[in-house]
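Okay, here's what each chain looks like letter by letter:
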Amino acid sequence: MAGGGEAEDNPVNINVVPMVDIIFCLCVFFMCSFKFKQLEGKFESWLPKDLGNQTTPESEAKEMRVAIYWDESKGEVVRQYGVRYIKDDAELETLIRGANEDYKKIGKNDVPVIIDGDARIPWDEVMTIVNIAKRLGIEKIQFALGANAPTTN
Amino acid sequence: MGKHKPPPLKEDISPNVVPMIDIMFLLLLFFMLGADMSQRESVEVKLPIADMIKESNIDEPDPTTTVNVHPAGDVAESIINDVRESRDAKYWVISLRGIPFTVEQLKTQLKIEADEFPEDAADAQAGRVLSRKKVLIRAERNAPFGLVQKVIETAGAVGMYKVEVAGSKPTPAGN
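Residue numbers (this note's numbering), protein chains in the order written: chain E, 26 to 178; chain V, 25 to 199.
It should be emphasised that the hints constitute simulated quantities derived from the structure, not laboratory data.
Glycine residues also receive a C-beta, built at the ideal position from the N, C-alpha and C atoms.
Errors might be hidden in some of the hints.
Here are the simulated distance ranges between beta carbons [said to hold, decoys possible]:
no., chain 1, residue 1, chain 2, residue 2, range
1, E, Y110, V, D106, 18 to 28 Å
2, V, I123, E, D113, 38 to 48 Å
3, V, D75, E, N40, 49 to 59 Å
List of simulated lysine to aspartate or glutamate pairs, DMTMM-like, C-alpha gap at most 25 Å [what the hints assert, rightly or not]:
no., chain 1, residue 1, chain 2, residue 2
4, E, K99, E, E116
5, V, K193, E, E118
6, V, K193, E, D127
7, V, K174, V, D98
8, V, K70, E, E101
Selected chain V positions facing chain E (in silico; Cβ < 8 Å) [claimed, not checked]:
no., residue
9, V41
10, L51
11, M56
12, K78
13, R111
14, G170
15, V172
16, I176
17, V189
All chains, please: the whole structure from these sequences, using the hints.
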């Protein structure tokens, strides 16, 4: 090519244009069908080594318990912190932060957030609370297994 | 005699397409591999959004088994997206490498996988040798918590105490 006159030297002249067309088509096809992988991550939640199911001993009764259950009458998920109904995530975060700071003041740095969830609530609701706890720097998060809707006052 | 007029130069303007073809082939290869090999372990799951999740580290020393909790194949998306409807466990499947498992089958399978990677010594607290293999639970947003509980419980029962739950980072679009 650089020397010019290559066409005369090389009688076999390959027409690459159809090949480029095909490659372009294939490229467009794969680009369109390509699904970019969702940016995934994970929370580590190591289970207690003694089989996972525990009852809370009296001496460790300090906890931040969030109850989540399905309210059949309203047809929605209800969240409670203690006896208080939670309106939104910000309110829950404020309550947990306050309680955590109070526990820290009395030297309890390892108080867990216990998620006491009804088996039929969406997993998303549980993850929201895990996320809030992680944001507040609380590492000890426990799932209460087999919880039922609490009786309210 | 008049001045000699030089003949007009013939410009060779044929582009060199070889580098372009090389690049196109590389792009093609990239998209082919990316499209095919992305998700062997995992099925497509709409994970819960969580901004505090840790991104997965490829160089993790401990092996991981991925358990997916996702909608059954024949369930309409409208049911899955409606929280009132989707709370029923009958619409959901627990699967491992694309194969659906009942809780009992899952326990058997996880037991096999747990025994492949035992920890070096028996754990004093547990009174037995636990597994160093991790379980990553990828559950769809609207999956009932009860199913995830069952997977966690099953993993704990077979000695797989390193449980991880998957979430996805929020995107600028908010989904």
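Next on the checklist: So, against the hints stated earlier in the document, which numbers end up violated here?
Outcome noted: 6
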